[in-house]
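Read top to bottom, the protein sequences are chains S and U. If you want our numbering, it's the 1-based position in the first sequence plus 793. If you want our numbering, it's the 1-based position in the second sequence plus 5.
I should point out that these hints are in silico values taken from the structure, not numbers from a laboratory. Just so you know, not all the hints are guaranteed correct.
Stated by the list, open to error - Below, a sample of chain U positions facing chain S; criterion: calculated Cβ distance under 8 Å: (1) Gln202; (2) Ile230; (3) Gln236.
Note that the structure is a prediction, hence the values are computed from the model and not measured. Ideal Cβ placement from N, Cα and C applies to all residues, glycine included.
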Amino acid sequence: MSDEKIQGYARAILAVASAESNGAQIEDEIYRFSQVLQSSEELKSTLSDASIPSARRQQIVEDLLDGQATQTTVALVSMIVAAGMGSDIKAIADRVIGLGAESRDKAVAEVYSVVDLSSDQQQRLAAALKSATGKDVEMKIIIDESVMGGLLVQIEDEVIDGTVRTRLKQLREAF
Amino acid sequence: MKKRLIFASVLAGLILTFGLGGNAMAAGESLGKCSVDDYVEKYGELGLTPENIAQEENINAIGEIFDSCIEAPSPIIPEINEVIWGGGAFVVLLALMLWKGFPAVQKIMNERSEKIATDLDEADKAKSEAQAVKSQYEAELADAKSAAAAVIEEARQQAEVLRSDLQQRAEAEIAEMKEQAAADIDTARERAMGDLQSEVSEIVVGAAERVVEANLDAEAQARLIENYINQVGSN
Chain S
794 MSDEKIQGYA RAILAVASAE SNGAQIEDEI YRFSQVLQSS EELKSTLSDA SIPSARRQQI
854 VEDLLDGQAT QTTVALVSMI VAAGMGSDIK AIADRVIGLG AESRDKAVAE VYSVVDLSSD
914 QQQRLAAALK SATGKDVEMK IIIDESVMGG LLVQIEDEVI DGTVRTRLKQ LREAF
Chain U
6 MKKRLIFASV LAGLILTFGL GGNAMAAGES LGKCSVDDYV EKYGELGLTP ENIAQEENIN
66 AIGEIFDSCI EAPSPIIPEI NEVIWGGGAF VVLLALMLWK GFPAVQKIMN ERSEKIATDL
126 DEADKAKSEA QAVKSQYEAE LADAKSAAAA VIEEARQQAE VLRSDLQQRA EAEIAEMKEQ
186 AAADIDTARE RAMGDLQSEV SEIVVGAAER VVEANLDAEA QARLIENYIN QVGSN
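Take these sequences, add in the hints, and give me the full structure.
See below:
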């Protein structure tokens with residue numbers, strides 16, 4: 794998919810979200826759905842399969858998000874899948890949260906952790922990241938058991954890795 | 006032709022010698038006539054009569070008469086007629102021999118001589134040719150021996166070169182094999198060390214992971230997050 798097309802879809806979704814009162818929630822739901830999609834190859838291939846009728850693919854999206862997201866989010870994701878861009882949901886979602894944060898003069902910080910962070914931890918982490926990078930950030934907490942412990946933060950192309958997984962990997966390489 | 010001439014000459018000589026020789030003997034004086042004539046002559050000289058003829062001295066005298074009559078001919082001197090006939094036959098035979106025999110014999114002898122000379126020449130020629138062939142064979146044999154010796158020498162030199170080459174190649178292969186074996190040993194040792202180190206690290210890290218996992222409770226997770234926040238904020 795061309796970058797212009799992804800960019801266009803992202804701007805369209807942001808326009809819809811900005812028209813709604815819960816625009817930030819819509820962005821977050823779309824982002825989280827893309828993360829779920831990345832963890833399931835079967836679901837990803839199903840939503841990307843052009844041989845499956847678009848109505849069927851839309852029905853799958855609606856069934857998955859029923860009660861889990863706003864109607865606007867369901868409608869937007871359903872629209873993306875019906876347009877045959879199921880394989881580009883992750884790129885579109887990343888572009889959506891990036892453009893959304895950019896519109897608010899912030900950067901997106903993807904935080905990988907085994908456990909969820911409390912609001913206090915998130916605030917102090919945001920402050921620490923601003924201190925380290927000089928950027929205000931919007932954090933996206935991603936629960937990932939593979940990090941084993943600690944945190945991994947990715948802001949655009951910059952990665953700050955403090956996970957137990959990486960420490961053990963360094964230990965293994967040290968031998 | 007020659008044989009017939011020789012046979013005719015011999016036959017003529019036999020006829021002249023024996024056939025005509027018999028006539029010469031028949032022409033001689035007989036023993037009986039000699040006895041009668043001598044007896045008549047002696048009878049008158051001795052005064053023999055029928056009365057005294059039986060006396061012993063007269064008988065002896067008569068015996069001497071007869072002995073003188075039958076005196077033997079000379080063993081050395083032949084009879085004249087034999088000499089004549091024999092000489093004639095000899096002359097005839099000699100003439101025949103000179104006229105026909107000797108030229109024929111001479112011709113045969115000449116032919117024989119020429120044939121022998123020719124044979125000798127041919128024999129000499131054959132001998133010369135055989136000698137030449139022998140010399141050629143000897144030369145060829147010498148050449149063959151020389152060539153064989155050269156071939157043997159060349160083969161020996163080639164064998165020596167081949168042996169040397171094989172020896173050098175074998176030594177090079179042995180050296181290469183030793184070097185390869187040493188390299189293989191080093192590689193195997195390094196691999197074993199690497200494997201051992203990997204296994205050791207796997208064991209150590211695995212043990213560390215198990216220890217860490219066992220101790221990563223909620224409190225530890227919170228402490229790790231706090232440490233991370235503090236570390237990032239201090240940068």
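Hint check: 8 Å Cβ-Cβ cutoff, Ile230 (chain U) to chain S: holds, 6 Å
Interface hint status, Gln202 (chain U) versus chain S (Cβ within 8 Å): holds, 6 Å
Hinted contact Gln236 (chain U) with chain S - closest CB pair below 8 Å: holds, 7 Å
Against the hints set out earlier in the document, no violation occurs for any number.
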